[in-house]
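J.: What follows is the residue order along each chain.
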Amino acid sequence: GIQVEQSPPDLILQEGANSTLRCNFSDSVNNLQWFHQNPWGQLINLFYIPSGTKQNGRLSATTVATERYSLLYISSSQTTDSGVYFCAVLANSNSGYALNFGKGTSLLVTP
Amino acid sequence: KAGVTQTPRYLIKTRGQQVTLSCSPISGHRSVSWYQQTPGQGLQFLFEYFSETQRNKGNFPGRFSGRQFSNSRSEMNVSTLELGDSALYLCASSLLQGSTEAFFGQGTRLTVV
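Protein chains in written order, with the working numbering: chain E, 1 to 111; chain D, 112 to 224.
Just to be clear, a hint being listed does not mean it is correct.
[To be verified] The calculated lysine-lysine pairs, modelled on DSSO-like cross-linking and capped at a C-alpha distance of 30 angstroms, are:
1) D:K168 / D:K124
2) E:K103 / D:K168
3) D:K124 / E:K54
4) E:K103 / E:K54
[To be verified] Okay, the calculated bits of chain D under chain E, using three or more residues with CB under 8 angstroms as the criterion:
5) 178-186
6) 213-224
[Claimed, not checked] Not the full set, but computed from the structure, chain D residues with beta-carbon under 8 angstroms of chain E:
7) H140
8) S144
9) G153
10) L154
11) F156
12) N167
13) G169
These aren't lab readings, by the way, just hints derived from the structure by calculation.
We put the CB at the ideal spot given by N, CA and C, even for glycine.
Just chain D, same shape as in the assembly (with noise of 0.2 angstroms):
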């Protein structure tokens, strides 16, 4: 079966736009995370989803929002983008909550000039 699809691959933005990244879960699960990768701070929890409701939040500004639709689809939006928002975001998608297996997408490169 497909596995975690997200879109677009790579991104270019220039600081004050807005973005909106696109994750598509393994079929039937239904939670969907968020996590941002950076040479300095690593691989850090944006958020996570499960049945359209954010369960957890990580500790990121109000810019960085998501939403999850009813096929478990989810999008994420990065508004105000700042230089420092350059950076791969990458999605997981298990079947539940709690002590399940995590599979990873391919990751969006997003870079802000």
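Extracted from the complex, chain E is given alone in its bound form (with noise of 0.2 angstroms):
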């Protein structure tokens, strides 16, 4: 199956700092989505982005479909962007709906 690959795996940060998160992917996809696991489990979805640059506040995505990577922007970071942020890709099959997830980094922003 498709490979997900997340990087950092964990990343502290200093409250209004920035960074970049990483989702390398081994094949084509037909959808990349950006997840935020809150502290009681639910996935927030961030993005839906297949390709291309999307921006909502102070995050940021942008999909190369072609390179097969996909880049989340946290800007000016904040205290309640800690937890676990997870790229997940759904391979191009017809072979029914299943998301790939990679394991996902752990965020800790310090005050």
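Take each chain as given, in its own frame, and dock them per the hints.
T.: What follows is the structure, given as structure tokens:
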């Protein structure tokens, strides 16, 4: 199956700093999503971005499908940004809907 | 509109028992997929249902099963529970199969003792 690698695995930032999270995937994809997992376990949708660039407030994302990677940018980080960020991809397939997740980037933003 | 609803939120079961988890997708969404999250294995795909048919299945033993009803609500069942089945079970709904955005419920945290 498709491999999804996220880096870095862990990140500690001071409040106000910027960061870039990376997601590499091993095959062409139909769907790529970024999620933030809250402390209660729910996956919160950040971006649905199979290609191109999107921005939502302090967060933005870029996917370069031809080069098989996506980047999530967090600017002016806040303590509430802490948590685990997951990248998930849906491979080009007729075999149904199955997201493949990376292992996540655990982000801690300190005051 | 209401999001994806999973019940129950927490569950404690004994080894050997069986358990049924429920997922109500966003209104109008026809695809429901299930995922297991553990510290060791991360997030893994269990199965996906679309129009009451299982369209895809992950690499899990036959003790894990599911179904989808005509109103798109889905249930998953785990029989003969093992300690290793302790996990967060997440359900996602999407409008159609294929390249559409998935939305997740709050999850059911299952503890097997």
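J.: All the hints need checking, so say for each whether the structure fits it.
T.: Hints, verified against the model:
Restraint check: the Cα-Cα separation between K168 of chain D and K124 of chain D comes to about 24 angstroms, which is no more than 30 angstroms; the hinted pair holds. For the suggested pair K103 of chain E and K168 of chain D, the alpha carbons sit about 20 angstroms apart, so the restraint of at most 30 angstroms is met. For the suggested pair K124 of chain D and K54 of chain E, the alpha carbons sit about 43 angstroms apart, so the restraint of at most 30 angstroms is broken. Distance restraint check for K103 of chain E and K54 of chain E: the Cα-Cα separation of roughly 23 angstroms lies within the 30 angstroms cut-off, and the hinted pair is therefore satisfied.
Three residues within the 8 angstroms Cβ limit are the bar, and the segment 178-186 of chain D against chain E gives 0, so the coverage statement is violated. Proximity of the segment 213-224 of chain D to chain E, defined as three or more residues with a beta carbon under 8 angstroms from a beta carbon of that chain, is established by the 7 residues found. Look at H140 of chain D: its Cβ only gets to about 11 angstroms from chain E, farther than 8 angstroms, so that hint breaks. A cut of 8 angstroms between beta carbons decides the hint on S144 of chain D: the least distance to chain E is about 6 angstroms, and the hint holds.
For G153 of chain D, the interface hint holds, the least distance from its beta-carbon to any beta-carbon of chain E being 5 angstroms, beneath 8 angstroms. Interface hint status for L154 of chain D: upheld, as the beta-carbon distance to the closest one in chain E is roughly 4 angstroms, under 8 angstroms. A distance limit of 8 angstroms between C-beta atoms decides the matter here; for F156 of chain D the minimum to chain E is near 4 angstroms, and the interface restraint holds. Of the supplied interface hints, the one on N167 of chain D holds, with its beta-carbon coming within about 3 angstroms of a beta-carbon of chain E, less than 8 angstroms.
With 8 angstroms as the threshold, the beta carbon of G169 of chain D comes within range of chain E, its nearest partner Cβ sitting at about 7 angstroms, so the hint holds.
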